[in-house]
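J.: Spelled out, the chains give:
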Amino acid sequence: MSINITMPALSPTMEEGKLAKWHVKEGDSVSSGDVIAEIETDKATMEVEAVDEGKIGKILVAEGTENVKVNAVIAVLLTEGETAANAKAPAAAPAAAPKADAPKPAPAAAPAAAVASGSAVVAPAAKAPSPTAAANGARVFASPLAKRLAKDAGIDLSAISGTGPRGRVVKSDVEAAKSGKAPLKAAPAAAPAGAGAAAPAGGMSKAQVIALYPEGSYDLVPNDGMRKVVAARLTESKQTIPHFYLTLDCKIDALLEAREKINAAAPLKDGKPTYKLSVNDFVMKAWAAALIKVPTANATWAGDSILYHKHADVAVAVSVPGGLFTPVVRACETKSLRQISEEVKDLAGRARSKKLTPAEYQGGTSSVSNLGMFGIREFAAVINPPHGTILAVGAGEERVYAEKGQIKTGNFMTVTLSCDHRAVDGALGAELLAAFKGLIETPVMMLA
Amino acid sequence: MTLVSFSMGMRYATQATEKLVAAGVDVELIDLRTLRPLDSATVIESVKKTGRLVTVEEGWPQGGIGAELAARVIAEAFDYLDAPPTRVTGKDVPMPYAANLEKLALPNVDEVIAAVNAVTYRS
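Top to bottom, those sequences are chains E and X. Going by the working numbering, the first residue of the first sequence is number 1, and it counts up by one from there. Going by the working numbering, the first residue of the second sequence is number 449, and it counts up by one from there.
Only chain X is shown next, with the shape it has when bound in the complex (with noise of 0.2 Å):
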């Protein structure tokens, strides 16, 4: 499957990917670097090869980076999704102060995980 993150998501995807690809799981990471010129070819491309894709971000959900992968994916990959593209994303709440639900608002490895074990059918 075709996992996209950039800056801090990374980190969740990076340590994801890690458990995955013990779990049996053939992970394409791809780190975008750049936001603006998007690299989408490179998404496109993966996504047609596994059919299936996993963005991870810090951000809000709407309107995100994510949101906008899954839009172009499925523009311009629509036969070759098997699964629905799907987002790993900050929850839709106002940063909070304290560092207990800062790190609840913020994405985890388990909810990266879930998401490829949901878009690869495993349960």
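This is chain E alone, in the form it adopts within the complex (with noise of 0.2 Å):
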């Protein structure tokens, strides 16, 4: 009896991803718990384990096949004694989705491009798979007749829009397509990469923007998924958040004195200090505690109700090639600023590496966006959804300021609190930013 192996779900939300690379090929033997292909969701590269042991008889879903659904089957798994020929691809749905999306790259390259550039006629089907295939793999239902009219007259039937039952093409489309009456669908596998669930609502389309530069002023880089999820995130949270902003400038002399004194005492070890808290592991802790301190801020926006949060699971912004993670420190206000620091390093180094597991950067309650290391003395950050607030970090930097009528000098740092609205009103966020003023100003406090 063989064995399907099916696409993992690597988190609760995951709904497809991409096939990025298999360990294996057709024929290998594998034994419960061998790497066998490498799985890439929006943010995440995972590892697929063999569950039982075998021979893998036949891969069906192609390396680099993107949108794979959860559950499809990707390869069949034969037992002892068994033939490649029982590996026939299982008859069940499931098979059909990714068999659907793997010829995708290479045979579809010539009709893709063809209606990319804008052309009715592709050169009668040449070498075309199928007239009934789009690019993008999905299926194109058209009448026989249409098929026929369409392939004698050399016209890709899923450039053609259909107007019958279900989207079905008919004689009349294709011959209104024919005359040049009827307008091509505007190039709906040019960029299958766009397609995906990233496209956001309203804005220009790519040819419109295309359109605006001269051919070859600039590259044309097709967005990843994490930049798709970048895109979709931000551009859902501008539109559906409310969003208003609080700054203050808080003090940090003495938690720039208690820093340089904690680490100062770091115990050696090879001749290095066995830490080095930064400023930012003092933000994160000083944060967490203001989010406990005011409890009504711990807040997230779900719709008909609101989630009071009992733990302060604070996400830090990472920033890395082609875009950003936001890993979360759980419980954030129970940790020790060393542990704080250890957890941050580590975690952002994996994100780097793009090593985050799903249940690492899911969730949270709010977020620290520092860009204090690129000297911004304030900005404005983009409330990372389902969070109720968003902590932007400026530079520390010595300034002038006035005490009691006389004119003196202290290091500060400007903080930008970006609150939602719906969760978080103007007062609570007030007073949660200067419950955080107050901590960090004044570091004992955090002991308190």
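Think of the hints as simulated: they come from the structure by calculation, not from any bench. Warning: the hint list may mix true and false statements.
Not close to chain X: a few residues of chain E, all C-beta gaps over 10 Å, as computed [said to hold, decoys possible]:
hint: 1; residue: E47
hint: 2; residue: R148
hint: 3; residue: G164
hint: 4; residue: K171
hint: 5; residue: V209
hint: 6; residue: H243
hint: 7; residue: T247
hint: 8; residue: K261
hint: 9; residue: I262
hint: 10; residue: T357
Only part of the chain X face toward chain E is listed, based on derived beta-carbon distances under 7 Å [to be verified]:
hint: 11; residue: G499
hint: 12; residue: D527
hint: 13; residue: Y528
hint: 14; residue: Y569
Computed from a prediction, not measured in an experiment: that's the story for all the values here. Cβ atoms here follow ideal geometry from the backbone N, Cα and C, with glycine treated the same way.
Given two chains presented individually in distinct reference frames, assemble the corresponding complex, making use of the accompanying hints.
T.: Set out below in structure tokens:
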């Protein structure tokens, strides 16, 4: 009895993913626990391990196939005594999805290119696999007569929009396309990558944007999964969350002093201190403490209700090449500065090598985004749904200030809090930020 | 489109054809006259021109003349079809004794017209 290997769900919300790499080929023997493939989701790359032992009979989804549905059969494993003949693609429905996707990269190139250039006529179906398959692998429904007419006229059926029931392409559609009366569908397959989940509502189409710039004056880089998610999430955030912003200056002389003392006291190991706390670690700690101090602001909007969280799960924005991650430090208020520092370093490191599991960057109740290292004085961050707030931290710098009629200098850091007004009102946000200011200006208070 | 019937079905077919022609539909109405031998050549020749087939009969749908015609047309003129061959038949129930129910169990002109509109993609 051959065993079907299906696309695993790497997180509860995962619906589809990219099959990034096969570590085995047909005929290879695997035993349980062997890594057989790599799956790429929006943000993470995960390894798939074999559960049973046997021989890979057939690989049904080619390497690099995107949008493979969860639970679709990706390979067939043969148990002892079976031959590849037993490994025919299972007739069950799940096989249909990956199969439809599979022929995308190579054979569909011809029609796709023709559609992209906007021309109606493909050279008489030269090597096009079948006139009934759209470049994105979706089946085009057409009446037999329409198929024959389109083939005779050398028209790509996928470029015609059908007017029959359920979008069926019928004779009149082909004739209209032939006489050039009906507009061809706007290159649906031109950017299969862009056709995914992420096309944000509105905005200009790819063709409209490209038309504005002379050809050759730019490099066209198709968006990868992370970029699509970033675009979709932040567009959703700015469009659906009513943001408002609160800004405060924090005097951080005491904090810098405390940090220096703590770092200086770090025990040495091999001549190097065992830890080195950053200002951001203090910010994380103080922010978590502030969220616990003002629990009504540690909130998430959930449609018909609001979640008031019992812990401060603080996400930290980590910039990685091509995008950013927001791994979450869970129950941050319960952790020591050293624990926070180590955890952030570990998460950031793994974020850069894309080895985070979805569980590590999902959820969270608030975020901290720090651009101080670039010398940014202050900025307003976009809330990362489902969080209720995000704290944007600017650079610490020496400034002149007035105190009791005296002009003095001190180190200051400007922070801007973005709040979801549905869950956190103005006064509440101000209370939260004031609590943070109290903690960050008097770090000893974090112990209280 | 091609409209095929025989016997009593021709009444509905003829009346429907008159209305359809008035509405601007190009109808080829075929009276089979004999069922065995079945003049499928004429029907297929017509369907090759029109790409659409509607059959009308008073009998039950399953295993009827319309089913046989559809099978032959699909087998021999598949590439000419622009719409699914469609049958207008009596309802799939035992013929009722009550006159009003009998009338409802049999096909009628409106059903023929509706079927023709469906296969010609007119709504």
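J.: Which numbered hints turn out to be false for this structure?
T.: Hints 2, 3, 4 are the ones this structure does not satisfy, whereas the remaining hints hold.
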